[in-house]
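Peer 1: Following the hints, put chains U and C in place on chain B, whose structure we already have.
Each chain, written out:
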Amino acid sequence: MKIHLKVWRQSGPNQKGRLEDLEVKDVSPDSSFLEMLDVVNEGLEERGKEPIVFDHDCREGICGACSLNINGVPHGPDRQTTTCQLHMRSFKDGDTIVVEPFRARAFPVIKDLMVDRSAFDRIIQAGGYVSVSTGGVPDANGLPVAKDDADEAFENAACIGCGACVATCKNASASLFVSAKLSHLRLLPQGKVEAKTRVLNMTQQMEEEGFGACTNTGDCEAVCPKGIAMKNISSMNVDLIKSLLQS
Amino acid sequence: MKLNAKIPSGPIQDKWDHHRFSMKLVNPANKRKHKVIVVGTGLAGASASASMAELGYQVETFCFQDSPRRAHSIAAQGGINAAKNYQNDGDSIWRLFYDTVKGGDYRSREANVYRLAQVSVNIIDQCVAQGVPFARDYSGLLDNRSFGGAQVSRTFYAKGQTGQQLLIGAYQALSRQIHAKNVRMHPRTEMLDLIIVDGKARGIVVRDLVSGSISSHMADAVVLASGGYSNAFYLSTNAMGCNVTATWRAHRKGAGFANPCYTQIHPTCIPVAGEHQSKLTLMSESLRNDGRIWVPKKKGDTRKASDIPESERDYYLERRYPSFGNLVPRDVASRAAKERCDAGYGVGPSGLGVYLDFAQSIDRLGQEAIEARYGNLFDMYQKITGENPYQSPMRIFPAPHYTMGGLWVDYNLMSNVEGLFVIGEANFSDHGANRLGASALMQGLADGYFVLPYTIGDYLAQSDLEKVSEDHAEIRKAEQETSDRIKKLLYTKGSRSVDSFHRELGRLMWDACGMSRTQSGLKEALKKIPEIEENFWNQVSVTGSEGSMNQNLEKAGRVADFFEFGKIMLHDALAREESCGGHFREEHQTSEGEAKRDDENFSHVSVWEYTGANQTPVMHKENLEFEYVKPTQRSYK
Amino acid sequence: MSVCTLWRSSIVKKWLVAITGLVMVGFLLGHMAGNLQMFLGRGPSPEATKINEYAAFLKANPALLWGTRIVLLFSVLLHIVTTISLTRQNRKARPESYALRASVASNLASRTMIFGGLTLLFYIIYHLLHFTLGCVHQELFTYPDVYQTVLSSFQIPLISGVYIVAQIALYFHLVHGISSAGETLGVSHPRYRECLNRIGIATATLICGGFISIPVGVLTGLIS
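Protein chains in written order, with my numbering: chain B, 1 to 247; chain U, 1001 to 1637; chain C, 2001 to 2224.
Just chain B, same shape as in the assembly (with noise of 0.2 Å):
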């Protein structure tokens, strides 16, 4: 396969970027977008040139750390799927595929792809724990949880942080992941003593942040690789404003 590709290229947080034109020949329809962007790092490395500059680490679609902004859309063309899960076959030969760092003002460009997403940290830092220390905890059978609930906390706790949902939405809003984990921990009992103080910490670290607002419009949910539904963020909403009538 062929393709053209335009990529970010920014020297450093503060400079000014632009988009730069490569040609890749013989790309394997095998291979994931990210081993593509390997082989035009290992020609660029060749000849004395800067690579492209992008995270990554597992490439098995589970660490989050994979971003890029593909053909407009965060991880590209396919749903469900990371960046480093997409391959090349979604494309055609010939294609023009334009990549892009993920875009927001809490994600800054560090450099070319790569984007700093700790603003998603600080939000877990704010409350999106259980305040258990190691020790002196009760059996782990001691207290049953629905299955369904330990479903539903389940498929919310499998947010791996890739920050899609901020990057997708017209308003660069964190609301699908900070609420992500707020269903996650409030679904089991043993996260719902807290629930009403997380809520509180989390959402107003997420304002502090610079995070857009909500205005549900479904894109988030749609490129989400994992899933997450739309409806945890009407439940962060009730529940925020339960918090606040009772605090």
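Rather than coming from a laboratory, the hints here were simulated on the basis of the structure.
As the structure is a prediction and not an experimental result, all values here were calculated from the model.
Don't take each hint at face value.
Restricting the straight-line Cα-Cα distance to at most 25 Å, the calculated cross-link-like pairs of lysine-lysine (PhoX-like) are [claimed, not checked]:
id, chain 1, residue 1, chain 2, residue 2
1, U, Lys1527, U, Lys1567
2, U, Lys1200, B, Lys2
3, U, Lys1488, U, Lys1528
4, B, Lys49, U, Lys1493
5, B, Lys170, C, Lys2092
6, B, Lys92, U, Lys1383
7, U, Lys1200, U, Lys1488
8, U, Lys1493, B, Lys196
9, U, Lys1488, B, Lys49
10, B, Lys25, U, Lys1383
11, B, Lys49, U, Lys1528
12, B, Lys16, C, Lys2092
For each label pair, taking beta carbons as the anchor points, the in silico distance ranges come out as [unchecked claim]:
id, chain 1, residue 1, chain 2, residue 2, range
13, C, Ser2085, U, Gln1391, 37 to 45 Å
14, C, Pro2190, U, Gly1140, 19 to 27 Å
15, B, Val193, U, Pro1322, 48 to 56 Å
16, B, Gly48, U, Ala1180, 44 to 52 Å
17, U, Asp1599, B, Gly48, 37 to 45 Å
18, C, Gly2209, U, Gln1367, 33 to 41 Å
19, B, Pro13, C, Leu2029, 45 to 53 Å
20, B, Asn14, U, His1018, 55 to 63 Å
21, B, Gly48, U, Asp1464, 46 to 54 Å
22, B, Pro13, U, Gln1391, 15 to 23 Å
23, C, Pro2190, U, Asp1089, 35 to 43 Å
24, U, Gln1367, C, Pro2190, 18 to 26 Å
25, B, Gln80, U, Glu1310, 49 to 57 Å
Cβ coordinates follow ideal geometry from the N, Cα and C atoms, glycine included.
Peer 2: Then chains U and C, alone, in the frame of chain B:
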């Protein structure tokens, strides 16, 4: 090198309890005065950081990823073992202990393994309390499955994402401590050297991967939780960033490296598709519960799987191991696949693959049942290969996956360098020569939550740790060496990519020191590595600058360490004149092609001492004694 | 919890937008129903014309009239202030836009709420100046004969056209607005969300269809 395992005396079931009592405690008011550095934020590193911070220590934690949540523990699929006996099927701490020692082919330390089985029970309680959404049955109680050939159901799981859920639990506990300012977190920061002052590990040299600046961080103890070295093979199931640098640098500073040749090759991975391949993807071992493994009976059969009649299929695991069949341990299953492929029966374009067939299970249980059990794995297979595994059998091949070897540690998880603790996959202690499925998560969390927080207190309480001045000669020296090395890489200005060298090294290691090893192959590889290494230092192209984000430079540094490390792996494999667990020497096999252990001469841990660049390393031995589980020939027939 | 803290929360603001929006939807339903009295035709005298009687009834009940007007004015202002504040926050959240952006699930209605809203704001001002205050098209203003004012206004195709276009803008604003308000206020289950979408479309069709029927009725001679 002095190796004292410090195994407490007394009956094995009381060792840990007695030891916990006899250990010195740090006064709560004094804990704040002690600082501990943790490198790595996988299950071991994150759980240790959180637990120590909860106790009151000042913790500084480092990871090269952009967030502690991304450490590669996240990719573990199958589950975590614990001797809870919730299923009333005869499990117990003793049985988990026994299975782990046996599964490790009698090359692990009994006392450590018993302790691991003991605390396994607490891990599940802890994780549930943190909100880890384990699978439950309709009663609302926790569900278990049998895993990796165990005869009892002791594996707790969260669909195919157990590692992710456990890591998020530990990450959340860590986040809570970061918020409370008990942990200072340094993401995108890579450890490049260990600082030893007066014989004690007192700090590390790191590079800030964003700004490129080199700096030192000092503490009273250093904990390495930096994972394994499977990426020495280039292609493995490890994440792209997994590396040996932290443990290798510590080894160069005096820490003994134990059993580097013990590597686990996982039998169910997706085969290599071509030159472009950057990593291999594991398919959970649980697939073997319902899938049957076979190859055609005819050599070089190019027919489609569905066109090969039942009578012309060789279900070789069921044929060779009638009692365990497709559920034999990983090392056995991997070697059997390699044997068939080497003999010319492999399938797929490269001939390096065997079929994992679900057709009969789908007929028996219905596609829905199979979908419910393995849906996400089937989807993943289809995404990667473009083939539908519901219609045609999966093709699988073994791939490097986990490394049992690691830095040598005593019962307290301290290396032979005082103040240097090593936990999780980075140490060598609990799995012997082969790790059982669902035991890696157990060990990482056992070390981090329930072992290290106790034993490190004992060290801190007893040690005289004077403050090290910021301009201490050792700090300057380590920083200088680190920065010289970086400059050397940048000034080479060659024209070959870092990856091309990594691939070359990986292929060599895989051929000589992969699933089976021979004396001649290992010797040959030991001759070749220095040649490739020399080419690397003369021809590698590392572009960009040292003072900015430079992934090319990061990779080059890691590959340079893999070159050095590869040599002790080969030395170790060469010195171990027996076959055990993941280490299979072709010279040492039974007439039926099974691994032949030599307990008389090799019932020891091989601990390697660094003697200088391009010097032959020196081996020391820690003898292993088996009081409770008597070594027998493992048989799965 | 101080007002300032509450105002900093985008979720609180979303609730304000949703609640004020729904208040306005309620008003629109009533307003539309009242307007449909145009179809009841002219009575024997202006005073005995149904719609004029209705207008007179409202005038005679200042508590009802002004109560509604105050609630409405408050809702409109709060709706505008909060949406502008949220929009500014949203704009700031992505300072550098994508060279190429594709939507996966969002539709035109959901992406253009602020433009639709601003269009409606200008329309409402014009509408008040036209029918309530009689400042524009003074020559057509025949208070208290509302029937005549409406009739003679809508007989001018340009005025009818403006009203019809405004109603189409209102339709798109309501289709996303009603379902979005429901989601914001907590309707979360996918099944109910589907239902909510249908309610949104039905309500928007009813309101806008009802309103549009009047200029159309006048233009086609159904109302004369």
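Peer 1: Each hint should be assessed against the structure and marked as holding or not.
Peer 2: Evaluated hints:
Annotation: proposed proximity of Lys1527 (chain U) to Lys1567 (chain U) holds, straight-line Cα distance about 9 Å (limit 25 Å). With a C-alpha separation of about 56 Å, the suggested pair Lys1200 (chain U) and Lys2 (chain B) falls outside the 25 Å cut-off, and the hint is violated. Proposed proximity of Lys1488 (chain U) and Lys1528 (chain U) is supported: the alpha carbons are some 22 Å apart, at most 25 Å. Of the supplied pair hints, the one linking Lys49 (chain B) and Lys1493 (chain U) holds, its CA atoms being roughly 11 Å apart against a limit of 25 Å.
The hinted pair formed by Lys170 (chain B) and Lys2092 (chain C) meets the criterion: a straight-line CA distance of about 11 Å does not exceed 25 Å. The hinted pair formed by Lys92 (chain B) and Lys1383 (chain U) meets the criterion: a straight-line CA distance of about 17 Å does not exceed 25 Å. A hinted pair counts as satisfied when its Cα atoms are at most 25 Å apart, and Lys1200 (chain U) with Lys1488 (chain U) does not qualify at roughly 29 Å. At most 25 Å may separate the alpha-carbon atoms for a hinted pair to count; Lys1493 (chain U) and Lys196 (chain B) exceed this at roughly 58 Å.
Among the hinted pairs, Lys1488 (chain U) with Lys49 (chain B) is consistent with the structure: their alpha-carbon atoms are about 18 Å apart, no more than 25 Å. Under the criterion of a C-alpha separation no larger than 25 Å, the hint pairing Lys25 (chain B) with Lys1383 (chain U) is consistent with the structure, at around 23 Å. Proximity of Lys49 (chain B) to Lys1528 (chain U) is assessed by CA-CA distance (about 30 Å); at most 25 Å being required, the pair is judged violated. Distance restraint check for Lys16 (chain B) and Lys2092 (chain C): the Cα-Cα separation of roughly 18 Å lies within the 25 Å cut-off, and the hinted pair is therefore satisfied.
Checking the proposed 37 to 45 Å range against Ser2085 (chain C) and Gln1391 (chain U) shows it is violated: the Cβ atoms sit about 55 Å from each other. Between Pro2190 (chain C) and Gly1140 (chain U) the CB atoms are about 25 Å apart, so this pair conforms to the stated range of 19 to 27 Å. At roughly 53 Å, the beta carbons of Val193 (chain B) and Pro1322 (chain U) sit within the given window of 48 to 56 Å. Between Gly48 (chain B) and Ala1180 (chain U) the CB atoms are about 48 Å apart, so this pair conforms to the stated range of 44 to 52 Å.
Checked against the given bound of 37 to 45 Å, the beta carbons of Asp1599 (chain U) and Gly48 (chain B), roughly 55 Å apart, lie outside it. At about 48 Å, the beta-carbon gap between Gly2209 (chain C) and Gln1367 (chain U) misses the expected band of 33 to 41 Å. For Pro13 (chain B) paired with Leu2029 (chain C), a C-beta distance near 52 Å keeps the hint of 45 to 53 Å intact. Range check, Asn14 (chain B) to His1018 (chain U): about 60 Å between beta-carbon atoms, so the 55 to 63 Å window is met.
For Gly48 (chain B) paired with Asp1464 (chain U), a C-beta distance near 52 Å keeps the hint of 46 to 54 Å intact. Look at Pro13 (chain B) against Gln1391 (chain U): about 49 Å separates their beta carbons, and that is not inside 15 to 23 Å. The hint said 35 to 43 Å for the Cβ distance between Pro2190 (chain C) and Asp1089 (chain U), and at roughly 39 Å that hint holds. A C-beta distance of roughly 25 Å is found between Gln1367 (chain U) and Pro2190 (chain C), which places it inside the suggested range of 18 to 26 Å.
At about 36 Å, the CB distance of Gln80 (chain B) to Glu1310 (chain U) disagrees with the hint of 49 to 57 Å.
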